[in-house]
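Student: Residue numbers (our numbering): 650 to 954.
Hints in this document: simulated from the structure, not taken from any laboratory. Any given hint might turn out to be false.
Derived lysine-lysine pairs resembling DSSO-like cross-links, with alpha carbons at most 27 Å apart [said to hold, decoys possible]:
#1 Lys870 - Lys793
#2 Lys951 - Lys820
#3 Lys870 - Lys820
#4 Lys900 - Lys914
#5 Lys793 - Lys885
#6 Lys861 - Lys731
#7 Lys951 - Lys902
#8 Lys945 - Lys820
#9 Lys861 - Lys793
#10 Lys948 - Lys820
#11 Lys882 - Lys779
#12 Lys779 - Lys914
#13 Lys900 - Lys870
#14 Lys902 - Lys731
#15 Lys793 - Lys820
#16 Lys731 - Lys870
#17 Lys861 - Lys908
#18 Lys870 - Lys898
#19 Lys951 - Lys882
#20 Lys885 - Lys861
#21 Lys898 - Lys779
#22 Lys914 - Lys882
#23 Lys951 - Lys731
What follows is a list of derived Cβ distance ranges for each label pair [claimed, not checked]:
#24 Phe895 - Ile688: 37 to 47 Å
#25 Ala709 - Gly835: 11 to 21 Å
#26 Gly923 - Asn836: 41 to 51 Å
#27 Asp741 - Phe895: 35 to 45 Å
#28 Ile688 - Asp785: 18 to 28 Å
In this text, a Cβ means the ideal position worked out from N, Cα and C, and glycines have one as well.
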Amino acid sequence: MITTLSLTSCSKEDIELTNESQNTEAAFTLEQVPETNIISFDLPARGRSQGGNATMLSFASIEDFVAAAEELEVAIEAHEDKFVAQYDHLTDDELDDMEESTQFDSRAPLRQFQQTRSFSNSLFNSYETKETIWLDDEILDENKDPSLDNLFEEEEMVLLNQDQEVMIDGKVFNFGHPQLNYEIIGNFGESILKVRNDEDVSNDPNIITTSKASSSCTSWKRSWDRDNYAHNKRVKRSVSIRSLPFWTKSKSKVESFRKRGNRWKRHRTRLGVGLQKNLKGSACFGATVRQGYKSKERKERKERL
């Protein structure tokens with residue numbers, strides 16, 4: 650059964666975070682996500698590896714991992730709402746200008762999360778670097794869009810390291826390969842290296858694999874298109890589904906971009922999005938088990954899920 654699992658944390662604590670800008674006064678409150686630790690495994694020197702270590706976040710349970718992602722998403726939404734509410738009289742372009750002049754950072758909750766946990770090698774950091782390079786391209790070639798490399802959202806990227814690894818309930822998960830998910834249950838340094846090197850792990854008792862796709866059902870998939878709806882403005886629309894061993898998520902997403910000078914920037918405009926889900930049996934064919942439709946109100950955003 651393809652489904653979406655929504656879990657929340659029972660242990661929460663408010664902490665006050667403040668944007669650096671003196672003009673926006675964009676203070677926001679981020680609920681304390683479940684407890685996380687930094688864990689590091691020594692890697693043997695072999696093949697492409699010169700040794701070193703694999704550093705990642707560690708969560709006590711699946712529930713904690715999911716709750717962390719959900720709470721970060723809520724924090725970003727609240728942070729954005731407060732900024733836009735101050736300037737709801739401005740046009741889209743004026744709102745972009747205001748964001749630049751006040752140095753408002755829409756991703757501040759994610760940076761604060763990383764800073765408080767001293768986690769510097771996240772997938773989010775890697776993605777943001779690639780995104781900056783992509784936006785500097787005058788053509789904005791969609792085939793170079795860094796979001797094509799993974800189906801995680803920003804609030805999930807900060808929970809994974811640059812190799813798309815995370816430890817949950819004493820197991821290391823690697824989601825960074827195009828065909829398989831990997832679940833590592835022992836001999837961690839050696840096993841992590843095998844997965845990173847694309848070695849044959851079919852007979853390794855410490856590594857469990859699950860397919861991202863099969864002949865009858867695709868569990869990781871994205872379709873998208875773009876529309877140059879105005880001069881030097883573009884919108885990208887995408888629909889995707891991705892299935893972790895413990896959490897399947899489907900989403901529709903709209904992102905807006907505006908060209909300024911020779912580069913592109915993520916652009917604020919009024920966006921809305923809807924998602925219809927058709928859930929089927931475990932064989933992924935035959936009659937629909939359940940249908941669902943979810944819609945979000947329109948807001949002044951650079952992107953909407």
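Student: Each hint needs a verdict: does it hold in this structure or not?
Tutor: Structure-based check of each hint:
Between Lys870 and Lys793 the CA atoms are separated by roughly 17 Å; this keeps the pair inside 27 Å, and the hint holds. Note on Lys951 and Lys820: the hinted pairing is violated, with a Cα-Cα distance of about 36 Å set against a maximum of 27 Å. Of the supplied pair hints, the one linking Lys870 and Lys820 holds, its CA atoms being roughly 25 Å apart against a limit of 27 Å. Pair hint Lys900 plus Lys914 holds up; C-alpha atoms about 23 Å apart against a cutoff of 27 Å.
Proposed proximity of Lys793 and Lys885 is supported: the alpha carbons are some 14 Å apart, at most 27 Å. A C-alpha spacing of about 38 Å is found between Lys861 and Lys731, which places the hinted pair above 27 Å, so the restraint is violated. In summary, the hint linking Lys951 to Lys902 is supported, as the alpha carbons are separated by about 11 Å, within the 27 Å threshold. Between Lys945 and Lys820 the alpha-carbon distance is near 35 Å, which puts this suggested pair outside the 27 Å criterion.
With a C-alpha separation of about 22 Å, the suggested pair Lys861 and Lys793 falls inside the 27 Å cut-off, and the hint holds. Simply put, Lys948 and Lys820 have alpha-carbon atoms about 39 Å apart, too far for the 27 Å limit, and the pair is violated. The suggested pairing of Lys882 with Lys779 holds, with an alpha-carbon distance near 21 Å, which does not exceed 27 Å. Between Lys779 and Lys914, the direct Cα distance comes to roughly 14 Å. Compliance with the 27 Å bound is thereby established for this hinted pair.
Only pairs whose Cα atoms come within 27 Å are accepted, and Lys900 paired with Lys870 is accepted, the gap being roughly 11 Å. Of the supplied pair hints, the one linking Lys902 and Lys731 holds, its CA atoms being roughly 22 Å apart against a limit of 27 Å. Pair hint Lys793 plus Lys820 does not hold up; C-alpha atoms about 33 Å apart against a cutoff of 27 Å. The straight-line distance between the Cα atoms of Lys731 and Lys870 is roughly 34 Å, outside the 27 Å bound, and the hint therefore fails.
Among the hinted pairs, Lys861 with Lys908 is inconsistent with the structure: their alpha-carbon atoms are about 36 Å apart, more than 27 Å. Our distance criterion of 27 Å between C-alpha atoms is met by Lys870 and Lys898, whose separation comes to about 11 Å. For the hint linking Lys951 to Lys882, the alpha-carbon distance of about 12 Å falls within 27 Å, and the restraint holds. A C-alpha spacing of about 24 Å is found between Lys885 and Lys861, which places the hinted pair at or below 27 Å, so the restraint holds.
A hinted pair counts as satisfied when its Cα atoms are at most 27 Å apart, and Lys898 with Lys779 qualifies at roughly 24 Å. With a C-alpha separation of about 10 Å, the suggested pairing of Lys914 with Lys882 holds against the 27 Å cut-off. A hinted pair counts as satisfied when its Cα atoms are at most 27 Å apart, and Lys951 with Lys731 qualifies at roughly 15 Å. The supplied range of 37 to 47 Å is broken by Phe895 and Ile688, whose beta-carbon atoms lie about 19 Å from each other.
Here the CB-CB span from Ala709 to Gly835 is close to 18 Å, well matched to the stated 11 to 21 Å. One distance hint, 41 to 51 Å for the beta-carbon pair Gly923 and Asn836, holds here, with the actual separation near 46 Å. As the Cβ distance of Asp741 to Phe895 is approximately 39 Å, the hint placing it in 35 to 45 Å holds. As the Cβ distance of Ile688 to Asp785 is approximately 35 Å, the hint placing it in 18 to 28 Å is violated.
Violated hints, in rising order: 2, 6, 8, 10, 15, 16, 17, 24 and 28; the structure is consistent with all others.
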